[in-house]
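> Sequence:
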Amino acid sequence: MFDGAGFIRGLKRKGFEFGGAACLVVGAGGVGSAIAASIAAEGPGSIALSDTRPGSAESLAARLRRHYPELRVEIRQNDPAGYELVVNATPLGMEPGDPLPIDPTRLDRKTFVGEVVMKREMTPLLEAAATRGCRFQVGTDMLFEQIPAYLEFFGYGTTTPEELRAVAEVSY
Numbered sequence: 000m001f002d003g004a005g006f007i008r009g010l011k012r013k014g015f016e017f018g019g020a021a022c023l024v025v026g027a028g029g030v031g032s033a034i035a036a037s038i039a040a041e042g043p044g045s046i047a048l049s050d051t052r053p054g055s056a057e058s059l060a061a062r063l064r065r066h067y068p069e070l071r072v073e074i075r076q077n078d079p080a081g082y083e084l085v086v087n088a089t090p091l092g093m094e095p096g097d098p099l100p101i102d103p104t105r106l107d108r109k110t111f112v113g114e115v116v117m118k119r120e121m122t123p124l125l126e127a128a129a130t131r132g133c134r135f136q137v138g139t140d141m142l143f144e145q146i147p148a149y150l151e152f153f154g155y156g157t158t159t160p161e162e163l164r165a166v167a168e169v170s171y
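In terms of numbering that gives the first Met the number 0, the sequence shown has 79 at position 80, counting the first letter as 1, and numbering is strictly consecutive.
Accuracy of the hints is not assured; some may be wrong.
[Stated by the list, open to error] Below, a list of computed lysine-lysine pairs in the DSSO-like style, where the Cα atoms sit at most 30 Å apart:
| no. | residue 1 | residue 2 |
| --- | --- | --- |
| 1 | 13 | 109 |
| 2 | 13 | 118 |
| 3 | 11 | 109 |
| 4 | 118 | 11 |
Hints are computed from structural coordinates only; laboratory data are not their basis.
Work the whole structure out from these sequences, hints included.
So this is what it looks like as structure tokens:
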């Protein structure tokens with residue numbers, strides 16, 4: 000699972016600094032778990048988890064607490080107020096009419112908003128975040144960052160996200 004590595008590489012490339020940051024991850028399934036674990040490895044101040052299935056969030060929180068005992072991990076609602084990083088790790092935004100995973104009016108303009116949905120470049124959440132002046136990362140940024148991580152892990156050399164974008168045909 001290279002979603003977490005790709006997501007983190009993208010944020011770092013855009014200048015996000017994890018040290019001491021308050022982070023909210025909405026969605027505690029496979030991609031949310033990978034991203035939360037990768038965030039935890041970067042030394043944030045805290046990670047809050049939100050999921051419509053409380054058991055999924057509790058299970059992920061327990062794993063993070065076990066591996067990162069110094070990290071404050073909490074189960075919260077999906078209110079993005081007060082966080083430096085808010086991640087949508089849900090499928091919300093893939094289909095027209097999907098509800099938003101958070102209330103974007105609660106975003107501070109200093110909040111960095113990350114998206115995993117790749118079905119469209121600018122999801123309704125990212126459009127709302129951009130309107131509020133937030134920095135953001137689109138879902139395909141994660142993809143183009145995780146491919147080099149995958150290649151490096153398996154010893155196939157590497158490439159850059161820029162080289163991949165230059166040869167890729169992305170259609171939404």
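> Look at each hint and say if it fits the structure.
Outcome of the hint check:
For the proposed pair residue 13 and residue 109, the alpha carbon gap of about 14 Å is at most 30 Å, so the pair holds. Between residue 13 and residue 118 the CA atoms are separated by roughly 21 Å; this keeps the pair inside 30 Å, and the hint holds. Our distance criterion of 30 Å between C-alpha atoms is met by residue 11 and residue 109, whose separation comes to about 16 Å. Between the alpha carbons of residue 118 and residue 11 the distance comes to roughly 23 Å, so the proposed pair stays at or under 30 Å and holds.
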